[in-house]
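With these hints in hand, go ahead and build the complete structure from the sequences.
For the record, the sequence lines run as chains X, Z, F and S. The opening residue of the first sequence carries number 2 in the numbering used here; numbering runs sequentially from there. The opening residue of the second sequence carries number 2 in the numbering used here; numbering runs sequentially from there. The opening residue of the third sequence carries number 2 in the numbering used here; numbering runs sequentially from there. The opening residue of the fourth sequence carries number 2 in the numbering used here; numbering runs sequentially from there.
These are calculated hints, taken from the structure and not from any lab test. Nothing here was measured: the structure is a model prediction, and the numbers come from that model. Heads up, a few of these hints could be off.
[Stated by the list, open to error] Just a few of them, taken from the derived set where beta-carbon distance is under 10 Å, the chain S residues facing chain X:
1. Phe-7
2. Ser-18
3. Ser-161
We put the beta carbon where it would ideally sit given N, CA and C, even for glycine.
Number of protein chains: 4
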Amino acid sequence: MAIHRFQPNVYYTALGSYEPVLRITNGDTVVTTTVDNAGRDASDQQVTPGGNPQTGPFYVEGAEPGDTLAVRFDKLWPNRHIGRTSTIIASNVVDPYYVAEMPKEHITAEWEFDLEKGTATLVKPDETKLRRLTLPLAPMLGCFGVAPPRGQIISAGTSSTHGGNMDYKGFVAGVTVYFPVFVPGALLFMGDGHAVQGDGEIVGTGIEISFDVQFTVKLLKGKKINWPRAENEEYILTVGNARPLDQALQHATTEMIRWLQEDFGLDARATHILLGQCVEYEVGNVFDPAYTMVCKLKKQLLPT
Amino acid sequence: MAIHRFQPNVYYTALGSYEPVLRITNGDTVVTTTVDNAGRDASDQQVTPGGNPQTGPFYVEGAEPGDTLAVRFDKLWPNRHIGRTSTIIASNVVDPYYVAEMPKEHITAEWEFDLEKGTATLVKPDETKLRRLTLPLAPMLGCFGVAPPRGQIISAGTSSTHGGNMDYKGFVAGVTVYFPVFVPGALLFMGDGHAVQGDGEIVGTGIEISFDVQFTVKLLKGKKINWPRAENEEYILTVGNARPLDQALQHATTEMIRWLQEDFGLDARATHILLGQCVEYEVGNVFDPAYTMVCKLKKQLLPT
Amino acid sequence: MAIHRFQPNVYYTALGSYEPVLRITNGDTVVTTTVDNAGRDASDQQVTPGGNPQTGPFYVEGAEPGDTLAVRFDKLWPNRHIGRTSTIIASNVVDPYYVAEMPKEHITAEWEFDLEKGTATLVKPDETKLRRLTLPLAPMLGCFGVAPPRGQIISAGTSSTHGGNMDYKGFVAGVTVYFPVFVPGALLFMGDGHAVQGDGEIVGTGIEISFDVQFTVKLLKGKKINWPRAENEEYILTVGNARPLDQALQHATTEMIRWLQEDFGLDARATHILLGQCVEYEVGNVFDPAYTMVCKLKKQLLPT
Amino acid sequence: MAIHRFQPNVYYTALGSYEPVLRITNGDTVVTTTVDNAGRDASDQQVTPGGNPQTGPFYVEGAEPGDTLAVRFDKLWPNRHIGRTSTIIASNVVDPYYVAEMPKEHITAEWEFDLEKGTATLVKPDETKLRRLTLPLAPMLGCFGVAPPRGQIISAGTSSTHGGNMDYKGFVAGVTVYFPVFVPGALLFMGDGHAVQGDGEIVGTGIEISFDVQFTVKLLKGKKINWPRAENEEYILTVGNARPLDQALQHATTEMIRWLQEDFGLDARATHILLGQCVEYEVGNVFDPAYTMVCKLKKQLLPT
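The structure is reproduced here in structure tokens:
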């Protein structure tokens with residue numbers, strides 16, 4: 002259960018079977034950093050081309066297709082004081098006829114962080130009616146996952162069963178995320194930190210920021226899952242990535258049904274009754290080629 | 002600002018320009034009841050055919066097309082001790098291939114309420130691993146709205162710009178809902194109470210129950226909106242009803258953009274920046290012919 | 002088997018249980034007219050408000066819920082020499098980002114017909130590179146159907162199981178269309194003639210025109226169908242109306258499977274093998290609230 | 002303008018920047034073969050794992066990102082006498098509730114070809130009411146395309162801007178297909194021949210067969226396109242690959258608008274008028290993760 006301090010010097014804008022940057026073992030912890038979506042690091046210098054450049058891949062010894070990799074985020078925190086957002090809601094998020102009425106000029110908004118107080122303040126533009134809008138930091142990782150199946154290399158701009166660019170604001174420190182393992186070593190990637198993000202990532206960005214990251218992996222040998230799963234103190238949750246949102250919701254719901262029946266000993270009828278009155282959904286992204294829907298259930302409702 | 006006590010003796014399973022059951026005035030309050038989705042009343046007797054039978058329509062004096070009708074729910078509370086739910090997740094909510102693996106036999110679950118404690122307890126079946134699962138009551142109205150435009154009469158099983166069967170669990174006591182007025186008198190309908198409901202109403206029912214209802218109307222003359230809006234203490238919210246969920250989300254988001262720009266004095270750029278990092282979405286129903294997506298913003302974020 | 006000559010003097014812009022304009026009997030033929038989408042008649046005068054005004058409803062004696070009504074179009078032909086089209090592709094038919102790049106000013110194009118030669122010629126604007134584009138007439142009915150179920154009255158701008166605004170260019174003279182009967186008398190409506198139409202009705206109009214119409218009804222007692230069906234000399238076809246197009250296709254395909262199994266004696270396996278390699282699809286409209294997909298099979302492939 | 006005879010000995014089940022198997026030049030012709038979807042060759046022996054194994058990639062000298070690669074299929078013809086199909090319509094193609102009523106047992110149907118007469122005959126099962134159904138051969142290529150952008154390697158089971166598994170029955174001998182070039186050499190792949198295929202590939206297969214293929218490439222330097230385009234004698238056509246079908250249709254329509262405006266000198270208004278009344282759509286696949294919609298226009302309608 003080693004602790005690895007890893008300073009990345011190569012970044013990938015797609016997830017696939019690239020040469021691992023570090024080999025780690027079940028139970029190990031990694032302390033590392035991620036650059037922002039545009040490739041800028043802790044000193045706000047561009048060190049790699051943009052496009053959600055990923056730190057990794059980390060090779061987990063012993064991971065084989067058919068296993069599950071658990072990744073616990075111990076720490077996700079901005080490592081600089083400035084973040085940026087786009088400022089036009091995506092054309093696919095509004096009524097088609099309304100697109101013509103929207104702002105056309107792409108400008109970048111800037112936000113300054115008070116990392117002590119845990120706040121982000123809009124500093125540019127600061128002359129709108131929002132003035133210096135201040136929001137509480139809620140740091141989350143936008144894009145992370147494992148190498149996909151079938152030898153594929155998939156852009157860090159989209160997502161699927163292997164994770165990827167899910168942009169779900171619930172992926173914060175303290176959450177454990179479970180991925181299906183498709184290739185030997187699993188090959189874990191991560192990047193695209195957001196200091197704050199609205200549901201849906203509807204402007205195409207959160208407050209984009211470089212991160213200090215600490216995570217710990219666990220390998221669940223022989224445990225097979227179909228879609229990313231996760232848990233935090235209060236909830237278990239499943240993730241579906243697809244378009245339209247309806248299909249993402251179908252994936253997430255089916256995975257939750259399976260989870261309840263396989264791991265919590267509920268029969269089908271009990272599962273359906275329970276989810277029917279207690280399921281919760283959250284929207285991950287509705288910006289990327291694949292949308293993300295999260296299906297949640299309170300842990301206190303699980304049979305003991 | 003009269004208080005009307007109204008005992009319904011006719012119910013409609015569609016929303017349209019039926020003969021009003023009561024004429025009320027801006028500021029009036031109505032104390033009435035609704036039957037459950039299957040037409041059963043406070044004594045659990047079927048008094049009308051099923052299909053979300055609606056109490057109403059209430060004619061609001063002075064309401065004209067182009068106005069907005071505000072409906073505040075002062076009280077929504079079960080008026081009997083038993084509610085029922087379906088027990089099979091809808092086939093459109095899971096992966097298509099998975100439908101063949103689901104329970105096929107439709108049985109009805111029964112729940113008993115402790116209206117003092119505010120709980121619902123599963124009493125039938127009670128032999129599953131859920132045993133006598135007890136949930137807190139969270140009474141909400143599944144289907145309500147006004148007469149639709151163009152002389153239409155639209156089933157209480159679906160929804161559109163006029164409201165209808167939105168099945169959003171946030172429509173609880175204390176919420177004020179705003180509807181576009183399409184016909185003289187607006188013609189307000191309501192029914193389909195749920196004692197509890199999961200997001201999406203994925204089994205096709207909440208815990209279906211007859212309600213004691215008290216509501217108060219306000220007429221906003223000359224105020225034009227396109228989709229239902231609402232507010233509670235913490236949030237303003239907009240509602241989109243359509244399929245796929247993507248389109249419902251487009252409707253709700255566009256309506257929120259309009260609201261912020263028209264009523265809160267935000268210019269387009271400020272609106273987009275604010276929603277980009279602060280918008281929240283909730284899933285209403287994903288069961289009915291039209292799905293429902295809710296777009297929310299915290300009131301504390303609104304410019305003063 | 003009477004022939005009725007019927008001159009309409011009232012038109013409805015929704016389909017529902019309005020007072021019948023004429024009562025007809027199984028086997029009867031009706032010779033009548035329809036106005037264009039904007040309510041203009043054979044003399045190009047506006048005689049009723051726009052919105053696909055419908056001729057009818059025609060009450061078919063003996064038709065009861067659970068029956069099927071067959072409508073054969075004996076004649077569909079423009080009864081004036083000028084038709085009109087919109088000239089902007091609908092915003093929902095192009096990539097969302099592209100909407101901002103499209104023409105904004107709505108102008109109306111005019112087409113003149115040579116009813117002898119059977120052609121339509123663009124006469125306004127005639128200075129584009131299309132010049133006086135001439136197309137062969139292919140007259141079809143955009144909106145027709147029966148009264149919907151559940152006491153509903155549904156806009157002639159959309160469609161569902163009862164037919165309505167399907168805007169499918171295959172609905173030409175010589176086709177027999179089958180509708181489920183939902184109310185006594187079936188209540189048949191028709192309107193919205195197009196002299197020419199592209200697939201999808203992507204500008205929101207065909208070449209809009211008033212029609213001379215002759216049709217003959219047949220009543221199939223006790224024959225239950227779920228969605229409109231039709232046949233012409235070469236094909237049998239089924240129609241699904243919904244959004245997204247995927248769902249319209251699901252409706253149409255399911256109805257075709259049922260048809261083959263119920264009426265042509267194919268078992269499930271044979272049905273799936275046959276459709277798998279021989280099914281054809283056509284796009285009706287992708288403009289209206291409900292899209293239309295048509296599922297076709299060549300008659301020569303049917304078992305004898 | 003060499004003619005290369007190329008016998009593949011390696012196959013890829015994804016499209017990406019693999020080592021080229023052959024370098025060819027603008028104007029060159031290649032005579033080669035493809036194995037069927039399951040990896041079986043002309044002798045019906047499995048020579049590589051299944052999953053639409055691709056012949057190629059072919060490196061086209063001088064092709065650079067931003068160019069367009071034209072591929073003309075000179076010949077596509079089965080090189081053996083037996084083909085196979087699946088026999089269950091995909092669960093995503095029927096109404097969700099109907100999935101439970103469908104056949105569950107996956108069996109494989111077999112078809113024998115008379116390559117002289119140009120027919121395929123169902124030989125197994127041959128005891129259904131279809132008996133020995135005989136269909137005319139209509140050989141088409143299901144999956145072909147170029148290496149995708151951003152270093153991606155994308156499964157031969159899906160499709161996007163680079164082509165891939167489009168399963169459009171119009172991709173027959175005589176058609177020229179245009180692809181955007183994303184990587185040096187373009188890297189052309191091809192496989193998944195179908196002797197016959199219904200629209201939508203709704204059972205997940207055409208009549209799967211190994212092919213003799215002859216194709217000729219042309220390089221259009223500096224010609225930028227966004228989605229695959231094609232032409233045959235009668236039509237120009239564009240291809241959109243995405244889910245839902247609505248989005249595939251948006252991609253294809255937008256690409257057609259661009260093509261007409263950029264290459265045929267039509268202004269926007271003329272383009273919209275022309276497509277409005279003359280556009281045609283065809284459904285490629287509705288089985289794969291990305292669906293395929295084809296937008297067509299008759300060449301005789303193009304300005305000269």
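Evaluated hints:
Contact between S/Phe-7 and chain X, as hinted, is not supported at the beta carbon level, the nearest pair being about 23 Å apart and thus beyond 10 Å. Checking S/Ser-18 against chain X: minimum C-beta separation of about 9 Å stays under 10 Å; hint holds. Hint status for S/Ser-161 relative to chain X: holds, with the closest Cβ pair at about 8 Å, below 10 Å.
The structure is inconsistent with hint 1 alone, although it conforms to all the rest.
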